[in-house]
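J.: Going down the list, the protein sequences come from chains A and B.
Counting from 1, one number per residue, gives the positions in the first sequence under my numbering.
Counting from 1, one number per residue, gives the positions in the second sequence under my numbering.
Since the hints were derived computationally from the structure, they do not count as laboratory data.
Take the hints with a grain of salt, since some may be wrong.
Cross-link-like lysine to aspartate or glutamate pairs, in silico, EDC-like; alpha carbons within 20 Å at most [claimed, not checked]:
id, chain 1, residue 1, chain 2, residue 2
1, B, 330, A, 55
2, A, 64, B, 335
3, B, 330, A, 63
4, B, 330, A, 60
5, B, 87, B, 37
6, A, 64, B, 324
7, B, 358, B, 292
8, B, 156, A, 13
9, A, 74, B, 324
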Amino acid sequence: MSTKHTIAVLVNDQPGVLQRVSGLFGRRGFNIESITVGQSEEIGLSRMVIVTTGDETTLEQVEKQLYKLIDVIKVINLSSKPMVARELALIKVKAEPSARPEIMGVVETFRASVVDIGTTNLMVQVVGDTVKIDAMIELLKPYGIQELSRTGVTAMIRGNA
Amino acid sequence: MSAQTPEVRSTEQLREKWLKPEVITGSEILLRSLLLEGVECVFGYPGGAVLYIYDAMYGFKDFNHVLTRHEQGAIHAADGYARASGKVGVCIATSGPGATNLVTGIATAYMDSVPLVVITGNVATTLIGTDAFQEADITGITMPITKHSYLVRDVKDLPRVIHEAFHIASTGRKGPVLIDIPKDVSAATTLFQPEERIQLRGYNPRTVPNKLQLDKLARAIEEAERPMILAGGGVIYSGAHEGLYEFVNKTGIPITTTLLGLGAFPTGNDLWTGMPGMHGTYTSNHGIQQSDLLINIGARFDDRVTGKLDGFAPHAKIVHIDIDPAEIGKNVPTDIPIVGDVKTVLEMLNPIVSYAAKADAWRDQIRKWKAEYPFRYVDSDTVLKPQWVIEMLNDTTKGEAIVTTDVGQHQMWAAQYYKFNQPRSWITSGGLGTMGFGFPSAIGAQMAHPDRLVISINGDGGMQMCSQELAICAINNIPVKIVVINNQVLGMVRQWQELIYDNRYSHIDLAGSPDFVKLAEAYGVKGLRATTKEEAQRAWAEAMETPGPVLVEFVVEKGENVYPMVTQGSTIDQMLMGDA
Numbered sequence: 001m002s003t004k005h006t007i008a009v010l011v012n013d014q015p016g017v018l019q020r021v022s023g024l025f026g027r028r029g030f031n032i033e034s035i036t037v038g039q040s041e042e043i044g045l046s047r048m049v050i051v052t053t054g055d056e057t058t059l060e061q062v063e064k065q066l067y068k069l070i071d072v073i074k075v076i077n078l079s080s081k082p083m084v085a086r087e088l089a090l091i092k093v094k095a096e097p098s099a100r101p102e103i104m105g106v107v108e109t110f111r112a113s114v115v116d117i118g119t120t121n122l123m124v125q126v127v128g129d130t131v132k133i134d135a136m137i138e139l140l141k142p143y144g145i146q147e148l149s150r151t152g153v154t155a156m157i158r159g160n161a
Numbered sequence: 001m002s003a004q005t006p007e008v009r010s011t012e013q014l015r016e017k018w019l020k021p022e023v024i025t026g027s028e029i030l031l032r033s034l035l036l037e038g039v040e041c042v043f044g045y046p047g048g049a050v051l052y053i054y055d056a057m058y059g060f061k062d063f064n065h066v067l068t069r070h071e072q073g074a075i076h077a078a079d080g081y082a083r084a085s086g087k088v089g090v091c092i093a094t095s096g097p098g099a100t101n102l103v104t105g106i107a108t109a110y111m112d113s114v115p116l117v118v119i120t121g122n123v124a125t126t127l128i129g130t131d132a133f134q135e136a137d138i139t140g141i142t143m144p145i146t147k148h149s150y151l152v153r154d155v156k157d158l159p160r161v162i163h164e165a166f167h168i169a170s171t172g173r174k175g176p177v178l179i180d181i182p183k184d185v186s187a188a189t190t191l192f193q194p195e196e197r198i199q200l201r202g203y204n205p206r207t208v209p210n211k212l213q214l215d216k217l218a219r220a221i222e223e224a225e226r227p228m229i230l231a232g233g234g235v236i237y238s239g240a241h242e243g244l245y246e247f248v249n250k251t252g253i254p255i256t257t258t259l260l261g262l263g264a265f266p267t268g269n270d271l272w273t274g275m276p277g278m279h280g281t282y283t284s285n286h287g288i289q290q291s292d293l294l295i296n297i298g299a300r301f302d303d304r305v306t307g308k309l310d311g312f313a314p315h316a317k318i319v320h321i322d323i324d325p326a327e328i329g330k331n332v333p334t335d336i337p338i339v340g341d342v343k344t345v346l347e348m349l350n351p352i353v354s355y356a357a358k359a360d361a362w363r364d365q366i367r368k369w370k371a372e373y374p375f376r377y378v379d380s381d382t383v384l385k386p387q388w389v390i391e392m393l394n395d396t397t398k399g400e401a402i403v404t405t406d407v408g409q410h411q412m413w414a415a416q417y418y419k420f421n422q423p424r425s426w427i428t429s430g431g432l433g434t435m436g437f438g439f440p441s442a443i444g445a446q447m448a449h450p451d452r453l454v455i456s457i458n459g460d461g462g463m464q465m466c467s468q469e470l471a472i473c474a475i476n477n478i479p480v481k482i483v484v485i486n487n488q489v490l491g492m493v494r495q496w497q498e499l500i501y502d503n504r505y506s507h508i509d510l511a512g513s514p515d516f517v518k519l520a521e522a523y524g525v526k527g528l529r530a531t532t533k534e535e536a537q538r539a540w541a542e543a544m545e546t547p548g549p550v551l552v553e554f555v556v557e558k559g560e561n562v563y564p565m566v567t568q569g570s571t572i573d574q575m576l577m578g579d580a
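The shape of chain A in the complex, shown without the other chains:
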C-alpha cells in the first residue's frame, strides 16, 4: 500500500550532497513530495528531511539506497515513530480593507500571524503540520491567493526516541 513517509537523512555538509540525494530519488523512481536541508546539531553535518510516498518495499529500498551514498551518515524513518512535523507557509492574500476583518478571523483561529500589510493584500505566516497548512490555504482561497510559498516539512521524533 502506498503511503506517505517522512525520513531524516544525516549527511556530510559537502558540495553536491543534495544533488546526490535528489538524483538518487530521481533515477530510482522514488517520489519526493518535499525536501528540506539545513544545519544539524553537529558541525560538518546537515540534516535533510524528505517526505516520500511509496509502499513498504519502496521505503526499504529508499533507505538502503541512501545508505549506499558515501556522504550519508544515517537514515531515520521518522514516521515509523511518534514525531512532530512542521512546515511554514507564507501566503500573500488579496485583502481590500473591507475584507480584512474576516481574514484576520481566519488567521487568529489558525494561530497564524500577519507579517506584512500592503495596500490591497496581507502576508500571512502559518506554521503547523501539512494538514493544517492545507486547510488554511483552502480557507484563504476564496479571497484570492496572490502568492504562496511553503518550506516543506521538517520533523523530529518525540521524546527520547
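Fit chain B to the known structure of chain A by using the hints.
T.: Positioned in the frame of chain A, the structure of chain B alone reads:
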C-alpha cells in the same frame, strides 16, 4: 611490456623514494600516490587540462602509462585489467570530451561492480562554471554511475582523496570512483604527506553476516528436496571460489552460475548445470523454476536471469547472500537475507552445513536433464558455424585461456561453449552490455597477466567500435589473440527482428565493414581469415604459434541464432529450443 623499462630497485627502496615528504605539485602527488597504492599501469590519453599531470610523467620511469587511441579504449582496458587481476584499474583523461568519452566505460564498470579509479582533469577552479573551453561537469554527469566521486579544489586534499578513492573502489560492493582534478590544483604545490588513515563515517560495508540467518539456511538445506544454487560475480569478486566449491561438495546441491559467475565453479563438475536465464541451459532454468530452495550467492537477480519476475522460482524459499544490502529484496522477495562478504559467509557456513539428504531424486533429475538437454546446434560442412569456432577455441586451449568478449551473439556462444574452470578468466560486459568492450578489455587483461593466453572474442559490429586500439597491441607487442566472429550482420538484433519483429530486418546489415585482415595489418598486427573448418584450424594454429598479437577473422553463417532463448515477458522455463 611497457616502452619504458623501470630501474631495478627493491619495492621498499622505491616506496621510500615515493614517500619522501617534499614540496611537490598536485600532479606529482597524484603519480606518487598511485604508485603507493600499488598501481602497476595506467591507461590514458592526454589533453589540455591534464598537461601538468602528463608533464610530471615525463622522465618518471617508475610510472607506467599506456597511451590508448581513444579514452573509451583506456577505460575498458583499465576495466579488463581490474577484472583479470582483482586489483583497482586506473585511467586518466582530460576535461570535457576526454572525460565524457569515459562515461560508457564508467557505467560498464558500475553495472558489473568493477573497482576503478577514474582520473579526469578539469578546467582551473577559477573557470569552473563559466562554460570554459573543454569544460564539462563530469562529477555531475557521472553521479548515477559512480560509487563515489570527488572534485578536488585544494591540492592539500589530494593525498586523502586518492587514498579514500582506492579504499571505496576496492571494498564492499566494488565500483568505479571518479576524481576530478582542476588544472590549477594539478599545478599547485604543497608538502606531500601521504594519507594512510581512512576516516569515512558514512561508509562501513558489512562483511560478517548474522549468525542466526546462517543457522536458518543450514536448516533449510536439511529440509530441502529440490535445492538449487545460483552463484554470480560476487563469488569471483570476493575470492570465494574455493569456499563455493567446498559448499557444493558438502551439500551436494546443484549449481548454476550466471554470466558473470562463469569461472566461479568448475564447469566439468557433475552438479554444475550451466548458465541460467535468457540463453541459459534447460537444466538451470527448469532447475530454478522447480526448486524448493534457491540459494543466491553473490548474484543480483538481473532480469536476464529471472525472466518474468512474477512467476520466477514460484515454489522456492529464496535465500540471498550479498555484500550490498540494497540488492536483497530489490527484485525478488527474500525469505532468508544474508548480508556479508561472500567469502566470509561461506567460511562461516561451510562448517555448519550438511549434505542435502532429501535431494537424491532431485540430483537424479538434474543429471537426467543435463544429459537430455545439452547446448545443441546444427553443424555444417559447407559453412563455418560460430558455435563450432568457440568449441575449437575451447578444445585447443583446454579452457585455460582468459577470454574477453564483446556483446551480442558471439558473447552468448562464448558463454555457452567455452568451459571455464578458473575465476577471473572470463571478462564480459554483463550488466550494461557494452559493445566495444571486448577488445580493449583484453589489452588490460593481458597487462595483468603477461604470461597467460588472452583471447578476445568479438563480433564484426563491436570490433569496429574500438578497433583503433590495435595500435596499442602492435606498438607494445601485447600478444592478445583477437577473434572476429564475422557474420556480416548485427546478429543479436537480427535474431530479435527475425523472431519477435516478424522478419523485419531494420538496419542490421554491416556491409561496408573493413577487410579485418587488412585492418589488422594496417596497424602492423598479423591478420588471418578462415571460411572453412580446415582454414579455421590452420589459421588458429598459426595464431597460437605467433608470439605477438594476431587477429583471426572467422567468416560464419549469417542466419545462426542463439538457442535456447527465453523471450522477454516469459518465465524462464518457457524456452525456445531451436532446431537442433
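J.: Against this structure, judge whether each hint is valid.
T.: Now for the hints, and whether the structure bears them out:
About 13 Å separates the Cα atoms of residue 330 of chain B and residue 55 of chain A, which keeps this hinted pair within 20 Å; it holds. Distance hint between residue 64 of chain A and residue 335 of chain B is fulfilled; the C-alpha atoms sit about 18 Å from each other, no more than 20 Å. With a C-alpha separation of about 12 Å, the suggested pair residue 330 of chain B and residue 63 of chain A falls inside the 20 Å cut-off, and the hint holds. Between the alpha carbons of residue 330 of chain B and residue 60 of chain A the distance comes to roughly 9 Å, so the proposed pair stays at or under 20 Å and holds.
The suggested pairing of residue 87 of chain B with residue 37 of chain B holds, with an alpha-carbon distance near 10 Å, which does not exceed 20 Å. This hinted pair checks out: residue 64 of chain A and residue 324 of chain B have alpha carbons roughly 9 Å apart, not beyond 20 Å. Using a Cα cut-off of 20 Å, the hinted pair residue 358 of chain B and residue 292 of chain B holds, with the two alpha carbons roughly 12 Å apart. Annotation: proposed proximity of residue 156 of chain B to residue 13 of chain A holds, straight-line Cα distance about 19 Å (limit 20 Å).
The suggested pairing of residue 74 of chain A with residue 324 of chain B holds, with an alpha-carbon distance near 17 Å, which does not exceed 20 Å.
Of the numbered hints given earlier, the model fails none.
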